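*Asks:* Two independent chains are provided; combine them into the complex using the hints.
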Amino acid sequence: EAQVTQNPRYLITVTGKKLTVTCSQNMNHEYMSWYRQDPGLGLRQIYYSMNVEVTDKGDVPEGYKVSRKEKRNFPLILESPSPNQTSLYFCASSLGLAGGNEQFFGPGTRLTVL
Amino acid sequence: RKEVEQDPGPFNVPEGATVAFNCTYSNSASQSFFWYRQDCRKEPKLLMSVYSSGNEDGRFTAQLNRASQYISLLIRDSKLSDSATYLCVVNLSGGSYIPTFGRGTSLIVHP
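Chains as they are written, first to last, in our numbering: chain A, 544 to 657; chain B, 2 to 112.
Chain B on its own, in the form it takes in the complex (with noise of 0.2 Å):
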């Protein structure tokens, strides 16, 4: 089973539509968790950090569920421009320092 697993997709979604995205993670002594927004052909960006208690920016919610080891993204009123692939990363902590990265989850939002 691989680590870190996300739903490759594509998620094909009209403009102004909620959609949700969940990453497992198979090590429960991860500690860190980020989603990372790549655009076709470009660097990895962050999105956002993952905490315990969750967190919202703007359109963007993030949650974390450790008794059932999945995070989760929801975006909501989706743009044009949300259309990129949503990569899941989840840390250790301490020791060896090796983020592990889901394979992605492509997003298309079309008008």
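The shape of chain A in the complex, shown without the other chains (with noise of 0.2 Å):
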């Protein structure tokens, strides 16, 4: 089944102490990008890559990392998590850099930083 996966669906952690969402997808698709979800705020893209070792910042990059090492894995780091980064978090992918692509998201991360 294509599909895109995320791990943690749910993460509780306290201020400073690092984190990782995993993420991946089965499609072989080229581009990855993650984005966060705040009520009011609606969908906001944190970073992107599209491909390999190419990643660039989205409109809300402050506070992540991220890296592209391989093709189907794009996860998401948090060196230092703070509570304004509690949000729910989608990681999505398509199949190429083009506008036109449909973009394929994760179930989600819910992540409470304390």
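Check each hint, because a few of them may be wrong.
[Claimed, not checked] No farther apart than 25 Å at their CA atoms in a straight line, the calculated lysine-lysine pairs in the DSS-like style are these:
| no. | chain 1 | residue 1 | chain 2 | residue 2 |
| --- | --- | --- | --- | --- |
| 1 | B | K80 | A | K600 |
| 2 | B | K80 | B | K46 |
| 3 | A | K614 | B | K80 |
| 4 | A | K614 | A | K561 |
| 5 | A | K614 | A | K600 |
| 6 | A | K561 | A | K608 |
What the hints contain is simulated information worked out from the structure, not anything from laboratory work. All values derive from a computational prediction rather than experimental measurement.
*Replies:* Listed below in structure tokens is the structure:
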């Protein structure tokens, strides 16, 4: 089954404790991205990657890091999480860079930083 | 002014009603447009792309008005299962690829 998976689905952590949210897709998609969704603000892009070893900042990259060592994986790293990073996070992938391609989203990771 | 704007609603309609949402965008260089559906606490899923000539998929019709910079979604014969949040997405062509999402319009279809 073609899908995007994220882990963990739920995470409660404390300020300053480094964490990684994994994202993996099995559709051989080139393009992957991370979003956060907050009430009243909608979905905002954090980082995106056009291919292996190619990443770029989205709208709200501060406090996050990403890496793309393999085509299928695109982990999101929070080196020192803070309470304002409490949010619902979605990973997404699509076939290519062209804007006309559908994005497939993972099921989401609900992160709470205390 | 936000780049992509939607009326948050909620739109509260009875089954069988026809309902329409609009989404306005500010960047005239925008090239591709989509409607996504998001159920509560779930991931967004593509509902339909929006083409210049407009497109229809069953009870759903999407249209693009470049002159006035808005896209629309029309839902006919609403079903209870249509209750969801509908997200408008606008992409620029070329260069950096940062799809811009609207904040979503909430639809509640009641018996």
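*Asks:* A separate judgement is required for each hint: does it hold in the structure or not?
*Replies:* Comparing the hints with the structure gives:
Between B/K80 and A/K600 the alpha-carbon distance is near 40 Å, which puts this suggested pair outside the 25 Å criterion. Between B/K80 and B/K46 the CA atoms are separated by roughly 18 Å; this keeps the pair inside 25 Å, and the hint holds. Taking the CA atoms of A/K614 and B/K80, the gap is about 40 Å. The hint is violated against a cut of 25 Å. For the hint linking A/K614 to A/K561, the alpha-carbon distance of about 24 Å falls within 25 Å, and the restraint holds.
As the CA atoms of A/K614 and A/K600 are separated by approximately 18 Å, the hinted pair is consistent with the 25 Å bound. For a cut-off of 25 Å, the pair hint linking A/K561 to A/K608 stands: about 11 Å separates their Cα positions.
In summary, the numbered hints that this structure violates are 1 and 3.
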